[in-house]
Amino acid sequence: MRDFVTGLAFVIAGVATIITAQQFPTLPSLQYGPSLFPSIVGAGFCIGGAVLAANALWNRKRAVVQQGVVEVTTLGEPTSGRAGLAMLLPPVAILFYIFASDYIGAMLTMTVIMFVLMILRKTVPWVALVASLLVALAIYFIFSRYLLVPLPQGVLIEGRLPWIF
Amino acid sequence: MDILMNGISLVLNVETLLVILLASLFGIFVGAVPGLTATMAVALLVPLTFYMDTIPAIAAIVTTSAMAIFAGDIPGTYLNIPGTPASAAYVGESHALAKKGRAREALGINLVCSVFGGIFGTIILIVVAQSLAEVALQFSAFEYFWLAVLGLSCSIFISVGSRVKAFLSLLFGILLSTVGLDMMSGAPRFTFGVPDLMAGINFIPVMIGMFALNELMSYYGSRSEKKNINVIDNDSVFHKVPSHIKRYWRNMVRGSSIGTLIGALPGAGADIAAWISYGVGKGRSKEKEKYGTGNIEGVMDASSANNSGISGAWVPALVFGIPGDSITAIVIGVLYMKGMNPGPTIFMDGSGLIYALFIVFILANLMMLPIGYIAIRLSKLFILTPSRILMPVILCFCVVGAFAINNSIVDVWLMLIVGLVAYLLAVNDFPMAPAILGLVLGSVVENNFMSAMLRTGGDLTSFFARPISAGLGIAVILLWCSPLLIKAWRQRPRHSAA
Chain A
1 MRDFVTGLAF VIAGVATIIT AQQFPTLPSL QYGPSLFPSI VGAGFCIGGA
51 VLAANALWNR KRAVVQQGVV EVTTLGEPTS GRAGLAMLLP PVAILFYIFA
101 SDYIGAMLTM TVIMFVLMIL RKTVPWVALV ASLLVALAIY FIFSRYLLVP
151 LPQGVLIEGR LPWIF
Chain B
166 MDILMNGISL VLNVETLLVI LLASLFGIFV GAVPGLTATM AVALLVPLTF
216 YMDTIPAIAA IVTTSAMAIF AGDIPGTYLN IPGTPASAAY VGESHALAKK
266 GRAREALGIN LVCSVFGGIF GTIILIVVAQ SLAEVALQFS AFEYFWLAVL
316 GLSCSIFISV GSRVKAFLSL LFGILLSTVG LDMMSGAPRF TFGVPDLMAG
366 INFIPVMIGM FALNELMSYY GSRSEKKNIN VIDNDSVFHK VPSHIKRYWR
416 NMVRGSSIGT LIGALPGAGA DIAAWISYGV GKGRSKEKEK YGTGNIEGVM
466 DASSANNSGI SGAWVPALVF GIPGDSITAI VIGVLYMKGM NPGPTIFMDG
516 SGLIYALFIV FILANLMMLP IGYIAIRLSK LFILTPSRIL MPVILCFCVV
566 GAFAINNSIV DVWLMLIVGL VAYLLAVNDF PMAPAILGLV LGSVVENNFM
616 SAMLRTGGDL TSFFARPISA GLGIAVILLW CSPLLIKAWR QRPRHSAA
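Chains as they are written, first to last, in the working numbering: chain A, 1 to 165; chain B, 166 to 663.
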């Protein structure tokens with residue numbers, strides 16, 4: 001059943017790709033314009049998605065014929081709600097970095113992210129604090145000082161940590 | 166001779182040797198921690214290689230990948246959890262050996278086979294790549310178009326699992342490759358008004374998203390892990406190696422040959438090489454019944470194959486610019502970043518770069534012996550590294566690494582979005598390797614198609630006008646028809662019998 005939904009999603013993505021590609025400009029001197037390859041990909045999404053969805057339906061139908069019942073468990077692995085949400089922790093942490101690093105600086109943001117993630121997985125608090133501080137300092141030092149990557153220093157605390165920077 | 170000396174001097178300097186040593190330790194560590202793959206190790210390494218010279222950068226990647234593929238056997242043996250997917254094929258055998266108290270013996274033979282496989286693959290690379298490059302010099306847009314299409318097709322037909330899913334995964338990669346200004350008309354495609362996307366999608370953040378963020382999400386989505394080692398390992402690492410080699414040397418050679426060949430096919434990497442080699446070894450063994458109960462023979466076939474696959478993947482990458490697996494796909498990106506175009510001309514320049522590369526390969530594989538030995542002795546240290554501390558650290562490396570390529574926060578967004586899509590695809594059993602190949606080869610296909618069409622005024626038959634081009638075209642068509650042909654072949658005897 002999952003495959004059916006995924007297949008449909010690909011068909012929708014394919015249609016959207018084709019519609020977007022039709023808006024690309026064409027040049028009269030070229031037989032094949034910039035819309036050719038995206039359109040082929042869009043068409044491929046539609047065909048592949050349709051085949052995937054059709055296969056899923058076919059397998060389900062066959063299972064019904066053979067067993068007489070449809071097992072509800074085919075909907076997906078039995079994952080608990082909390083585990084399902086926990087998988088969102090890394091993306092949320094990255095979003096936090098994107099929005100917070102400009103204000104409180106890359107180093108502090110990384111420390112917060114690492115500390116929170118470690119605590120959530122039941123690390124001893126002082127170990128989490130020391131580890132996240134040391135690693136954040138090391139990453140900041142390597143990238144900012146050695147590789148000269150302009151990591152955000154943070155407008156709120158800029159210049160207030162002279163003993164580190 | 167001068168070129169060879171140049172090559173040697175490019176490798177034998179303090180900076181490169183130090184990089185090789187550090188990369189070895191990094192590779193062993195990443196490989197030995199379950200859940201971190203060799204591809205992930207390389208993807209995380211790339212932001213750092215960005216700031217190195219070409220040879221140290223490549224040395225870092227070669228060494229890390231070779232070490233990680235070997236080290237993947239360590240948790241496989243002790244915990245029955247493969248450290249990298251390339252160890253999955255024979256994890257049952259090596260863990261069964263460990264339960265009999267032969268953990269170190271199994272890892273010792275793994276190590277020797279890995280070194281042998283790696284060097285075997287390198288020798289093939291040295292011999293074949295040079296002569297292939299001379300042929301490739303005559304290639305034009307027509308041949309490169311077909312070659313890239315062949316590479317993309319291979320990634321679908323050789324993948325494990327559903328071909329439809331591999332096909333869709335490939336298209337996802339190709340779609341990403343079309344983002345940016347169009348080569349012919351200069352029209353922006355799928356840029357959504359973001360100036361950073363005009364130059365196209367930078368594929369390092371995509372790699373980090375696909376291979377690192379995706380893994381991190383699976384880790385946090387899973388229940389907390391408890392790793393208990395209940396294996397006694399008091400045996401010797403190398404004591405029984407000579408007798409095993411004497412008895413099963415054919416398996417090593419066969420595994421390495423299969424590994425190099427599979428590795429050289431685009432889209433099929435070390436993991437598929439190990440599976441196929443294990444299967445072939447089992448089929449030809451005189452003691453089939455021992456397989457699955459801890460048979461050293463199966464371990465030898467497959468662990469030679471995965472390391473030789475790593476070297477084999479470099480053949481098409483260097484000669485044609487067509488990656489053999491996900492790791493060489495990253496390498497091609499790194500070479501472009503360094504202003505080098507992978508292709509036959511790389512063999513013709515007089516700077517000795519290619520010799521330096523070969524020396525790095527041999528050096529990295531030889532280094533594996535002592536470092537691998539120490540790693541085997543310290544196995545428990547690696548395996549018990551707490552993931553709850555390691556994973557947040559990797560997350561921060563991902564963010565800073567993605568940012569460091571262009572110093573742009575857009576790349577961090579890109580990593581996030583691609584990581585989310587990759588996670589959704591991965592939990593639905595879509596393979597990732599075709600997507601990476603699509604991203605790297607999508608623009609090769611399109612650019613060569615467009616320039617060929619510009620040259621011939623849009624005449625599609627010109628793709629079959631040159632002999633090599635026609636041959637490659639027919640190979641592609643045959644490959645596409647292969648499922649039908651195989652089906653027809655299987656049904657043939659039934660008809661004749663009836």
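Think of the hints as simulated: they come from the structure by calculation, not from any bench. Please note: incorrect hints may appear among the correct ones.
With beta-carbon atoms standing in for the labels, derived distance ranges [as the list claims (entries may be wrong)]: (1) A:R145 to B:L589: 50 to 58 Å; (2) B:G457 to A:V64: 31 to 39 Å; (3) A:Y103 to B:V575: 16 to 24 Å; (4) A:I98 to B:L187: 24 to 32 Å; (5) A:A9 to B:I639: 33 to 41 Å; (6) B:L183 to A:F141: 17 to 25 Å; (7) A:A63 to B:G444: 38 to 46 Å; (8) A:R62 to B:L589: 50 to 58 Å; (9) A:I98 to B:R620: 41 to 49 Å.
Glycine is no exception: its CB is placed at the ideal position from the N, C-alpha and C atoms.
### Structure-inconsistent hints, enumerated in ascending order
1, 7, 8
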